[in-house]
Amino acid sequence: MSEPIGTLDRRAAVKALLADRGDLLVISGLGSSSYDLFAAGEHPGNFYLWGAMGGAAMVGLGLALAQPKRPVLVITGDGEQLMGIGSLLTIAAKQPGNLSIAVLDNGQFGETGMQPSHSGLGAKLEVIASGAGIGSVSDIADMAGVEAFRARLRDVNGGPRLARIRIAAGELERALPPRDGTYLKNRFRGHLGIAVA
Amino acid sequence: MDQIAVHQDNATGADWPVAIYRTLKEFGVAQLSYVPDAGHSKLIKLSHADRAIKTTVLTTEEEGVALSAGAWLGGERAVLLMQSSGVGNCVNMLSLMASCRFPFLTLVTMRGEWAEFNPWQIPMGRATPQAFEIMGVTVLRLENPQDTEEVISAAATLAYDGDQQVAVLISQRMIGRKKWTKETH
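Protein sequence lines correspond, in order, to chains A and B.
Reading the first sequence from the start, the letters are residues 1 to 197 in the working numbering.
Reading the second sequence from the start, the letters are residues 1001 to 1185 in the working numbering.
Some hints could be false.
Stated by the list, open to error - Simulated restraints on C-beta separations:
id	chain 1	residue 1	chain 2	residue 2	range
1	B	Gln1130	A	Gly193	26 to 32 angstroms
2	B	Ala1127	A	Ala197	56 to 62 angstroms
3	B	Lys1045	A	Gln95	19 to 25 angstroms
4	A	Val127	B	Asn1118	58 to 64 angstroms
5	B	Ala1014	A	Asn186	40 to 46 angstroms
6	A	Ala197	B	Asn1118	42 to 48 angstroms
7	B	Ala1049	A	Gly190	55 to 61 angstroms
8	A	His43	B	Gln1146	48 to 54 angstroms
9	A	Leu172	B	Gln1146	55 to 61 angstroms
10	B	Ala1127	A	Glu111	27 to 33 angstroms
11	A	Ala175	B	Ala1154	42 to 48 angstroms
12	B	Val1018	A	Gly131	35 to 41 angstroms
Think of the hints as simulated: they come from the structure by calculation, not from any bench.
Even for Gly, the Cβ is constructed at its ideal location relative to N, Cα and C.
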């Protein structure tokens, strides 16, 4: 068994990230990250992934490029981001100022039986992000760090940024957002004022 | 070295990438992502020069599938360029497009089917249409340069207006035999 990565309560951390969210748009990676986002408060500016493992950051990039004046936050887990690790290079190459990625890192594949992830085995996502060319990276272990990161999300010129947020391992009660992707898509676009054709 | 690839025996109208570019512009495509491919090099170059098109170079093709979903969420139309060898990489990510009925348009230059000299290109080239079809993607073929505008236009309408996932496979014959010199790759 690997050493625990962190102690933060994931639900409290995500709730703090979304406090006074304003015009923030949020994409969540499959599994617990989507449950955390839903538990923090249902919102039409949330798009919950229920699959597409490894794709959350890239959905965030496409959205950030399309909506450059809106802050976009991707909330995902270490396993999900690891599967799409190349996307950090792709995001760095585009330098979207309005895109932030919060990786909830417990060093484990939580949905599948708590096997240690590469993060749990020593990989440092914030260092990888920095090496990829993402200029603003942070390694957050306490709520003060989460609050400081939240304060920076609104700045649509300061990204891209990535925060590794060290959360405690362990499963929480599931909070299940809607699963109908077409509904979630149309709701999100409606929130942005895009007419459903 | 100019990155536009050198091809020989391409007497079939070298301007088909321009026709693709014009058609994508007519459809208001605002984002173009790609894994580089010699056959797409002219279209990539045209897009880089166009300030109204946001180009994104990918590390692997499935990133472009997810990018297209995000672009649509934000109100923009996207297109993904790749070579047939990258199609297999996209299979699981295509479930995102099917589950949410995201419009998706990809233009695929074919390898492994016409005068292919590299046996390693052949298995994925041969499996390309099926790899799309098992995920519910409609496959259209572009075989002749003079059909470019019509085929791309039909695919774009099916994707962006019909909410479908559509791949246009661009025949290797249109791209021409690879001229194996120092200038090409």
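Determine whether the Cβ-Cβ distance between Ala1014/B and Asn186/A falls within the hinted range of 40 to 46 angstroms. This hint holds: roughly 42 angstroms between Cβ atoms.
Could one say that the CB atoms of Val127/A and Asn1118/B fall in the range 58 to 64 angstroms? The hinted range 58 to 64 angstroms is violated for Val127/A and Asn1118/B, with Cβ atoms some 37 angstroms apart.
Per the hint of 56 to 62 angstroms, is the separation of the Cβ atoms of Ala1127/B and Ala197/A within bounds? The hinted range 56 to 62 angstroms is violated for Ala1127/B and Ala197/A, with Cβ atoms some 34 angstroms apart.
Within 48 to 54 angstroms: is that where the Cβ-Cβ distance between His43/A and Gln1146/B falls? holds, 50 angstroms
Note whether the CB distance of Ala1049/B and Gly190/A lies within 55 to 61 angstroms or breaks it. Violated - the Cβ-Cβ distance for Ala1049/B and Gly190/A, about 35 angstroms, lies outside 55 to 61 angstroms.
Could you see if the CB distance from Leu172/A to Gln1146/B stays within 55 to 61 angstroms? Roughly 60 angstroms apart at Cβ, these two residues keep to the hinted range, so it holds.
Supplied distance hint 42 to 48 angstroms, evaluated on CB atoms of Ala197/A and Asn1118/B: holds, 43 angstroms
Beta-carbon spacing of Ala175/A to Ala1154/B - inside the hinted bounds 42 to 48 angstroms or not: Since Ala175/A and Ala1154/B have Cβ atoms about 44 angstroms apart, the given range 42 to 48 angstroms holds.
Pairwise beta carbon distance, Lys1045/B to Gln95/A, judged against the given window 19 to 25 angstroms: With a Cβ separation near 21 angstroms, Lys1045/B and Gln95/A satisfy 19 to 25 angstroms, so the hint holds.
CB of Gln1130/B to CB of Gly193/A, is that within 26 to 32 angstroms? violated, 40 angstroms
Can the suggested window of 27 to 33 angstroms be confirmed for the beta-carbon pair Ala1127/B and Glu111/A? holds, 30 angstroms
Looking only at beta-carbon atoms, does the pair Val1018/B, Gly131/A fall within the given range of 35 to 41 angstroms? holds, 38 angstroms
When held up to the earlier numbered hints, the structure conflicts with 1, 2, 4, 7 and fits the remainder.
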